[in-house]
Amino acid sequence: MSSQDYRINAEVRRFLVSRWVDVSSLQIGTTNGVVYLMGSFEPMVEDALERVGHVHERDPSRRLLRLLMLVEKELRRLRGVRDVVFHLRNARRKGGIWRVQGPHGEVSLTDASRERGKSRGAGDVQVAAPKDEANDDEGPDTAASAG
Amino acid sequence: MTKDRTPLRALGELLAALEARLERHPHFPDLRNLRGLARTYAGEYEGAFADFIEALRVHPQYEAALLNVAWLHAQRHEPELVRAVLREPRGRRLRPALRAHLLVLATHAASGAEPALQVLDTHAPAQQPAEEPFLELDRLWLSVELGRWDAVDKQVRRIVSWQPGVGPLFRRTGLVGPPAESRAAFATWSDCYRGNPNVATLLREGARLRAAGAESAACQELLAWSAVLSLDLCEYWLTVGEQHDLEARDVDAETAFRQALQVDPSRAQPYIKLGQLYAACGRPQESIRELQHAAALQPRYADVRYLLGLLLEDLGQFEESEGHLRTALDINPRYTLARIALGTMLATRGRDREALKHLEQVRGDGVDSADLENHLAALYERLGRPEDAARARERALAPEDNADLD
Chain Z
1 MSSQDYRINA EVRRFLVSRW VDVSSLQIGT TNGVVYLMGS FEPMVEDALE
51 RVGHVHERDP SRRLLRLLML VEKELRRLRG VRDVVFHLRN ARRKGGIWRV
101 QGPHGEVSLT DASRERGKSR GAGDVQVAAP KDEANDDEGP DTAASAG
Chain F
148 MTKDRTPLRA LGELLAALEA RLERHPHFPD LRNLRGLART YAGEYEGAFA
198 DFIEALRVHP QYEAALLNVA WLHAQRHEPE LVRAVLREPR GRRLRPALRA
248 HLLVLATHAA SGAEPALQVL DTHAPAQQPA EEPFLELDRL WLSVELGRWD
298 AVDKQVRRIV SWQPGVGPLF RRTGLVGPPA ESRAAFATWS DCYRGNPNVA
348 TLLREGARLR AAGAESAACQ ELLAWSAVLS LDLCEYWLTV GEQHDLEARD
398 VDAETAFRQA LQVDPSRAQP YIKLGQLYAA CGRPQESIRE LQHAAALQPR
448 YADVRYLLGL LLEDLGQFEE SEGHLRTALD INPRYTLARI ALGTMLATRG
498 RDREALKHLE QVRGDGVDSA DLENHLAALY ERLGRPEDAA RARERALAPE
548 DNADLD
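Just so you know, the protein sequences line up as chains Z and F, in that order. Residue 1 is where the first sequence starts when you use my numbering, and the numbers rise one by one after that. Residue 148 is where the second sequence starts when you use my numbering, and the numbers rise one by one after that.
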């Protein structure tokens, strides 16, 4: 870990707090510019998305995923960050689709840039998850494809 | 009472934030205890009681929750139940000063402020500093209730002479100032205190919410109130330092953490905060010095060991670094960041088989990272396993597609 990594780590922590993420539930580490976020990704307040200027989202699982995707996008823009690795207890990503287990089944949101085949660590992930792409039906693979 | 000044005015927002967190962690004792406090101040006594009892069920030796149970009984004017807490085994094990505090609460609930002050006098004479801030605060509270402003004034001066750092906070909250203002501020103070310095933890949580919303002035105000309601200046300065740190004011953060250290050098937390701050500011030697102090005070704190391991590795002190990282993993075998650090360090030292064991475990735990796969690929190659190396390189290109889902 270089001194740059410690600086990035502090910036990541500050950034997460400014986006109302509960950092007490997360382990945050940076190695050679790769940021690791491990544990549980949770907002400090229910209306975290609104507080950072985004539209209200009623469903708590969708709220969480939208905040997660927003945070990922912005973290990748921080100076010196090469990649962001999530290893979360309450949300998973596979093939560009973020999933979380909600009270009424699995909820998923699609990360559009992943669907277009961008590789990880490219540094500019577009979050394309308008309401009609979100799906909280039960089932293993419910996200609509992004375009 | 000037309601608009009360530091508990944002209680509803705090309660909502705690509710949301408890939905995800219903049995986390600290959260339960905190919500119990918030519910008590909101007048939701039944829910508060359930929270404290749940906190004690999960963590039977949780002293703050036990004190809160007794305090809640006092709020409900149930002095016999406060005494019942004192009679139960955990109550009998409380420090004498805390038992005296509960007796004061029971007497206050049964007979009011005057007899409670007499009970307090028998346990902590007014002329000398009490051995626990609880008792100083109780005396102040009872004197305010009885309208004995001379006694209040005298005691404030005594507290300030005993802890000079609290003086500016008494002024900031209006407790020290022109008489009319001071009395109004003390009415607010008394309404918040009600015999429980743990209210300060609630205010510090509120301050964290304000800080996240970049409401610096509101945050500082809440922190000042938390200090005058608990007299815990170490905790006050630590939280002030954290807020400065979050706003990237390194010099102010350092000053605040140093103040915390000065107030109580026996606590590990100020050293830890200074160590983390120095690491982020590129001052590794100072960081190591502070963290070593912290490790001496709290040898089983995995985060300290992890950070020491990283810093010592940077300075080429590999043996010491390895020792700290292994200790971190011994304390918490699921400390993935420490395992990654140990694995990558062993790899750079040419201890490929050991490195592989750790990094494969990280992958086995479900960590899905291009960087990790590249490390693994290099190790497989060096160990003569080209097929595994090729697979790892493939995973490095699109590792998330291999992630296991629950």
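For the record, the hints were derived by calculation from the structure and aren't laboratory data. In this text, a Cβ means the ideal position worked out from N, Cα and C, and glycines have one as well. It is possible that some hints are incorrect.
What the hints assert, rightly or not - A short, non-exhaustive set of chain F residues, derived as facing chain Z with CB atoms under 7 Å: (1) A359; (2) L393; (3) R396.
Stated by the list, open to error - Beta-carbon label-pair distances, calculated as ranges: (4) F/R496 / Z/H56: 29 to 37 Å; (5) F/R500 / Z/H56: 52 to 60 Å; (6) F/S258 / Z/H56: 45 to 53 Å; (7) Z/S24 / F/D338: 23 to 31 Å; (8) Z/G105 / F/G314: 54 to 62 Å; (9) Z/S40 / F/A525: 28 to 36 Å; (10) F/D397 / Z/S40: 45 to 53 Å.
Said to hold, decoys possible - Examples of chain Z residues lying across from chain F (beta carbon under 10 Å, computed): (11) A10; (12) R14; (13) V17; (14) S25; (15) M38; (16) S40; (17) H56; (18) E57; (19) R58; (20) G80; (21) V81; (22) V85.
Quick rundown of the hints versus the structure:
1. A359: holds (5 Å)
2. L393: holds (5 Å)
3. R396: Hint violated; F/R396 Cβ to chain Z Cβ min 11 Å, cut 7 Å.
4. F/R496 / Z/H56: 29 to 37 Å: violated (52 Å)
5. F/R500 / Z/H56: 52 to 60 Å: About 54 Å separates the Cβ atoms of F/R500 and Z/H56, which means 52 to 60 Å holds.
6. F/S258 / Z/H56: 45 to 53 Å: Roughly 52 Å apart at Cβ, these two residues keep to the hinted range, so it holds.
7. Z/S24 / F/D338: 23 to 31 Å: Cβ of Z/S24 to Cβ of F/D338: about 29 Å, so the range 23 to 31 Å holds.
8. Z/G105 / F/G314: 54 to 62 Å: holds (57 Å)
9. Z/S40 / F/A525: 28 to 36 Å: At 32 Å between Cβs, range holds.
10. F/D397 / Z/S40: 45 to 53 Å: violated (29 Å)
11. A10: Z/A10 check passes; min Cβ-Cβ to chain F is 4 Å, inside 10 Å.
12. R14: Nearest chain F Cβ about 5 Å off; hint holds.
13. V17: Holds: closest Cβ of chain F sits about 5 Å from Z/V17, inside 10 Å.
14. S25: holds (8 Å)
15. M38: holds (6 Å)
16. S40: Holds, because the Cβ-Cβ distance from Z/S40 to chain F comes to roughly 7 Å (cut-off 10 Å).
17. H56: Because about 15 Å separates Z/H56 from the closest Cβ in chain F, which is outside the 10 Å limit, the hint is violated.
18. E57: violated (14 Å)
19. R58: violated (14 Å)
20. G80: Since chain F brings no Cβ nearer than about 13 Å to Z/G80, farther than 10 Å, the hint is violated.
21. V81: violated (12 Å)
22. V85: Nearest chain F Cβ about 4 Å off; hint holds.
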